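Chemist: This is what each chain is made of:
Protein chains: 2
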Amino acid sequence: MYGRYTQDLGTFAKDEAARLRLQEGDTPQPRRPSELLEYTQGRCGPCRVCALQCQRFLIAKVGEDWVFLILLGLVMALVSWAMDFAIATCLQAQKWMYGGLDTNVLLQYMAWVTYPTVLITFSAGFTQILAPQAVGSGIPEMKTILRGVVLKEYLTLKTFVAKVIGLTCALGSGMPLGKEGPFVHIASMCAALLSRFLSLFGGFYENEARNIEMLAAACAVGVGCCFAAPIGGVLFSIEVTSTFFAVRNYWRGFFAATFSAFIFRVLAVWNKDEETITALFKTRFRLDFPFDLQELPAFAVIGIASGFGGALFVYLNRKIVQFMRRQKAINRFLMKKRLLFPALVTLIISTLTFPPGFGQFMAGQLTQKDTLVTLFDNQTWAKQGINDEFEYLGILEAWLHPRSNVFITLVVFILMKFWMSALATTIPVPCGAFMPVFVIGAAFGRLVGESMAAWFPDGIHTDSNIYRIVPGGYAVVGAAALSGAVTHTVSTAVIVFELTGQISHILPVMIAVILANAVAQSLQPSLYDSIIRIKKLPYLPELGWGHHEKYNVRVEDIMVRDIRYVTLNCKYRDLQQVLHSTKMKNLPLVESAESMILLGSIERAQVGALLSTQLSPQRRLLTLRQKVLPEDGHRLSDSSIRFQISTETSSGAPARAALRKPLKPALKRVPSSPADSPPAGSTDHTGIALKSLFCANAATEPTEVRACVRRMGGPLLALVGRLYPLLCPMAPPQILDWEEQQLDQLVDFSSAKIDPAPFQLVEHTSLHKTHTIFSLLGLDHAFVTSIGRLVGMVSLKELRKAIEGSLTGKGVKVRPPLASFRDSTASSSEADTTALRQLWDRHQHHHMPREAGPGGDEDDDTPK
Amino acid sequence: MYGRYTQDLGTFAKDEAARLRLQEGDTPQPRRPSELLEYTQGRCGPCRVCALQCQRFLIAKVGEDWVFLILLGLVMALVSWAMDFAIATCLQAQKWMYGGLDTNVLLQYMAWVTYPTVLITFSAGFTQILAPQAVGSGIPEMKTILRGVVLKEYLTLKTFVAKVIGLTCALGSGMPLGKEGPFVHIASMCAALLSRFLSLFGGFYENEARNIEMLAAACAVGVGCCFAAPIGGVLFSIEVTSTFFAVRNYWRGFFAATFSAFIFRVLAVWNKDEETITALFKTRFRLDFPFDLQELPAFAVIGIASGFGGALFVYLNRKIVQFMRRQKAINRFLMKKRLLFPALVTLIISTLTFPPGFGQFMAGQLTQKDTLVTLFDNQTWAKQGINDEFEYLGILEAWLHPRSNVFITLVVFILMKFWMSALATTIPVPCGAFMPVFVIGAAFGRLVGESMAAWFPDGIHTDSNIYRIVPGGYAVVGAAALSGAVTHTVSTAVIVFELTGQISHILPVMIAVILANAVAQSLQPSLYDSIIRIKKLPYLPELGWGHHEKYNVRVEDIMVRDIRYVTLNCKYRDLQQVLHSTKMKNLPLVESAESMILLGSIERAQVGALLSTQLSPQRRLLTLRQKVLPEDGHRLSDSSIRFQISTETSSGAPARAALRKPLKPALKRVPSSPADSPPAGSTDHTGIALKSLFCANAATEPTEVRACVRRMGGPLLALVGRLYPLLCPMAPPQILDWEEQQLDQLVDFSSAKIDPAPFQLVEHTSLHKTHTIFSLLGLDHAFVTSIGRLVGMVSLKELRKAIEGSLTGKGVKVRPPLASFRDSTASSSEADTTALRQLWDRHQHHHMPREAGPGGDEDDDTPK
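Heads up: the protein sequence lines correspond to chains A and B, in order.
Residue numbers for the first sequence follow UniProt numbering, so the first one is 1 and each next one is one higher.
Residue numbers for the second sequence follow UniProt numbering, so the first one is 1 and each next one is one higher.
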């Protein structure tokens, strides 16, 4: 009992606080200046006033979107740059350590292996302890959040810290991990924190719709400041996180991502890394003749092969996760020693890349960034054997092996990195898979390019001019194609242009990316969707490429017809039955079982609360009491309102609450009182009711209330209330009897929270349209109605089943194409008119009560 | 009775037809081969079977999206290339004519002026005669079409032909007109025609949702193949035409646009215009140091100035149109001589650009394409005076004037072209404004760039290396910024990269475009929105940049509360009253005036039809007849089915209609008939029913029907029916009496077409969310309900008013920012519970008929 009443007080206090804030919100300016002026009176007063006006102006401006976006861009650019700096330092430290110990191979090996293992283990442990939500990419989670699902603890400061530090360590280890996915998450957290911070200045940031818009912009910022690719960032984030994109958010993403990318690159200039603002992985391919038309088949081959490769990567990644989960022995062992798996994986991978060991066959000493720079290199490596004019200078040396040629090195690199990346991305640290895949793709492209260059040493062009083949261009194409295939996006093409600073290969890149997407999408879900499935996040699969059946499956084919519902004139017993027979989270509220007119939907919890209020011991005791003192309730009811207030204002002792409830039902059937009888379950409602009660009275007659409190001696009455149940108990059989009796009463819905306009569909809506509406509005379920009558329900589950069923060609009955012929004609209008006629007939009966009788509605009251 | 049975038979026939077609759809293969095999028996049979299988495979594949998209891309690329070729030929012809007459300036002038005037006049006349819908850009119309509005004749073959030929002539004239906007329209028409053509092979192309998706892809193709800019095309078309973009359409646009751009450029290679596939306006800026950080302020200045310039352009364009419309004298004169205005405008513009005349100060002899090529030139013009190393070669000569310097030429060019373009785009020919604006922007950028180059002749960079300023880069930035400002898009940046083939200036371009957008959007609507407003197309304005009030205005603030409605148990008199008192196109159908439970919505036309059926002379005559022959109707009903057919097949005399209708009401109250009594107004339904009736019967039992007709002697019966009203007329007072009597009858809704699930909103929905939902679902109106009860209505009109009101800060009561705090708490739940309580109380009364009486519902039946 204490607990419950404490809760009541809690909501009251919250409401009161909110009320105060509201008052403050209405008039924040008049107060602060006067306050401040008081103690600065006389001295530089005008100065202060001026400063205050500036401050006020700033506060007003803080509400603007662009201030938020600039701040977000700035913060994220700083974070990105600082992280890059830290990662570079970490990698340099490893190189330095490895280089310094070149006298002893064993020591070298120890240093090479221990360093990443320690970093990864620390990263895994740190995130595990601080915020396990920081693990992984974050894009799948952002996708679900942007769909309207609330994931707990995903956008908090703790997760932010865990993700930033964990990611820095993970990337600093030199493992094949990416920065992009986590950056989307980091930017979103940053936006959420920033909007919470800015909401201190004004109320604009409290709106949920606005927050979603800002999160969408933040995703763009995340990609944008990670690659200094504003356009690609916006497009990639749209493709990866949204199903439907509001074009009015477009400028937000562009603005923030551009600003962020700008600051990110300016920091590099400021740090003397670059002379001016240029692309991250600048290429220098020739502009006048970037590629020959006859090279296009080779680019198409890269695209198709990348499609298969991407699908294989997603499959491999999922299988590894599933294998780890399924093997119970391994699983149990790993659960105990959570840090063993990351350490083990790191150990294996770093052992294999050890440069004096196997690493020499796969350019093991190169970092991810160096690898990309070398792969996008302008020169042709393969020709080296022929006319020796080309030398492997600087970091390019890594690809040169005295006992093998560059083709073998590339093949080994691709094969090894492929499974390594798929394995490494399953480590429970903050990490993405975009960059490793990008590197593999680049290597594959390079391989094809080098092969082409070796095949056509003087280029393909038949004219007099000799245009040699540029393998670097192939690498660019391959990178875009493979990353596009893994993520199922086309915008990797744009990212590639922005990363390399050259757009001359636009057509090959687009062709390869589209082909890769076509192949990969028909084989596997995207990496992010795959993770969503593994993590069982609430999602809705996309409609695939050109599945026409979707236009011919209708809601009536997939909806659940046999649903439980609550009628307006049902009894508590019916509620109990409904609760026992279904697990639906939202129950439809219909007018009556006969008419089935949908009035709204009521949450399961609300129904439970209604039921528990009806059968609560408090009510039972009240009944008992009313028997003893049949007039007591009514006598007390007049004074109870004021008494109520008195206890609220005078003291916070929980004892008085016992008095408050028992008196309530006496007032329950008075319809004119605006805020009567709150149920025990819906605590927030009670708070509100009390609040409005309090406010109204306090406003009209505050002095009277206080006087009344003093007169009544609240605590004394409370004591009486608490002792009462102890004095007159009820026997168990009596209780059962009483409960049975209570269950037969009609339900009073006035206190329940009802969604007055649940989303409705018609039976003939196509699956395609239903999917659109569900993903547009972020629905969880929708009721199917026909002229106001409830006929069924569709939830995400049914929809998912239907889509996946039709994707695999089974599960759902697929209508023949021409069935849509009937869409707006015969069959539909037939069903409609029948339904309408029934309704109409019922109304006819209404007007002739002799035939049907007024009690006719009651027959079918019990829910099916 | 005839009428009813016709309809019954009609639906039966329709179902039958559908069933037959379904059967056909299920098993199309077994029939066709056998048919064909019959007459090819013996001879090369296996060959035929093989060919048939191929054909079947092709037909199956034709339904795939990608086939459609490839075809679309191919056709559009061909159209684009052919048109470019024709335009180039036209322009060359003009140049040749002008060049050939260089002996006589007057003749030269005549040739220079007459040629474009004739072309423009022909273009205006041709489109006017063939399809006036082809006039103008087409993007505003596509925007409305993609919002779900059906614009008549906009996607027909006639319009296609008119637009293609009209556009070619208009652009061939050398006027400052663009190709982009019309190309969006042309591609959409092409898609619509193609999908109609392909639907001959299968039923997939009949779906409306799919067509909209294809149209969206077509818009991307339009831009893509116009500029060979697939990515920019997709993004631009999204920004310009959509409010909400379905990401699943993304690949369609990319695929089709890429293919189209590819073919477009391959055609250029094939035609030996280019050596390989490159950008349309290729630039050769240096890659290593594209621009200095300290140049950024200059780029920002370009952006801001372009913003103002863009807004001015839109304003000027609108003012010209409005001026032409407002001046009645001009208007009347122009309406008579429709071709005078285009001719006059062309005359003025071409006179001013005449190269030996004023044109010498504004590079008048350059075509749009040449102008762009020169403006994007890599060299610096202004330095010419200093060290003379640079010579104006080839077309660059046009910018050189012996008596003035390049700055003056550029300023004159910008000023003249500005008003010329604004004026020229109001000519009623197919034309866009993108390209002219793009050129002006490039010139403005060049001007700033040349100024910068003159100011810092040795570049700004403080290090040892000298990097000179590249004015061509400024031109690129200016072009993107001004075109972005006019169209309110950010994707012009991407278009610019794809057009020039260089992405090195990405940050300056992005900064300038965003600033230009920020300025322009706060001053004026986009050019397309401006045209939408001028043309009064049904549209919904965008929510502006960061207007927070939108989150605080709610539906209850803007909805129409005093709406007319139809109750289920109303009388025909009420329908009449409703029709007289409102002009709403959709009337809500509620259960009763007391409960106000929304059941559906009914179209105004349907209500009218119901009313006119009830008061039709046919029914009046029937009543009369029933008095005379009370049993006649029932006797006739048995044979009427065949009789009906007989009249349809034998003759088309209108007399039979009189026979068909009168018998209906006798059967009106039979509740089990599924589809009875069609209203007189819905003629198309009857038509369809009759047609399918005829077809179905002809297919199933043609001989029997013919026989039956002969047996029955249809014409005789028809004659009887026709003579009947003449024999027994009704006096006018009798008619009035009869009508009054009829109006008091209860309405029978069973024949009306009712939308069973109109879209519903709740009172507390914010304006922001309402806007989202309206634009997402393309709604026209929505009912506002509260627990099933109708409380108001919001239509596009109210929404538009509210948005525009809050944009200008008046009209709508704006809530204080913190009002959203109440969103899900006190006030809302209070109102809800009160409403629920009313409903509940009503039900309580239901169960205690002694208190309220069963007739209680009838009191408030008449609509308010």
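Be aware that one or more of the hints could be misleading.
All copies of an identical chain are treated as equivalent in the list; a pair is satisfied when it fits inside any one copy or across any two copies.
[Unchecked claim] Pairs of lysine-lysine residues, derived as DSSO-like cross-links and limited to a Cα-Cα distance of at most 27 angstroms, are as follows:
| hint | residue 1 | residue 2 |
| --- | --- | --- |
| 1 | K535 | K583 |
| 2 | K753 | K769 |
| 3 | K328 | K753 |
| 4 | K769 | K152 |
| 5 | K769 | K797 |
| 6 | K535 | K337 |
| 7 | K95 | K158 |
| 8 | K535 | K571 |
| 9 | K585 | K769 |
| 10 | K535 | K585 |
| 11 | K585 | K571 |
| 12 | K769 | K272 |
| 13 | K571 | K769 |
Please keep in mind that the hints were generated in silico from the structure rather than gathered at the bench.
It should be emphasised that the depicted structure is a prediction, and the values quoted were computed from it without experimental measurement.
Chemist: Take the hints in turn and mark each one as holding or not.
Modeler: Each hint tested on the structure:
no.: 1; hint: K535 <-> K583; verdict: within (22 angstroms within a copy, 54 angstroms between copies)
no.: 2; hint: K753 <-> K769; verdict: between (30 angstroms within a copy, 21 angstroms between copies)
no.: 3; hint: K328 <-> K753; verdict: neither (45 angstroms within a copy, 61 angstroms between copies)
no.: 4; hint: K769 <-> K152; verdict: between (30 angstroms within a copy, 24 angstroms between copies)
no.: 5; hint: K769 <-> K797; verdict: both (16 angstroms within a copy, 26 angstroms between copies)
no.: 6; hint: K535 <-> K337; verdict: within (21 angstroms within a copy, 71 angstroms between copies)
no.: 7; hint: K95 <-> K158; verdict: neither (32 angstroms within a copy, 71 angstroms between copies)
no.: 8; hint: K535 <-> K571; verdict: neither (41 angstroms within a copy, 59 angstroms between copies)
no.: 9; hint: K585 <-> K769; verdict: both (24 angstroms within a copy, 24 angstroms between copies)
no.: 10; hint: K535 <-> K585; verdict: within (22 angstroms within a copy, 49 angstroms between copies)
no.: 11; hint: K585 <-> K571; verdict: within (20 angstroms within a copy, 42 angstroms between copies)
no.: 12; hint: K769 <-> K272; verdict: neither (54 angstroms within a copy, 48 angstroms between copies)
no.: 13; hint: K571 <-> K769; verdict: neither (38 angstroms within a copy, 37 angstroms between copies)
Checked against the numbered hints listed earlier, the structure breaks hints 3, 7, 8, 12, 13; every other hint is satisfied.
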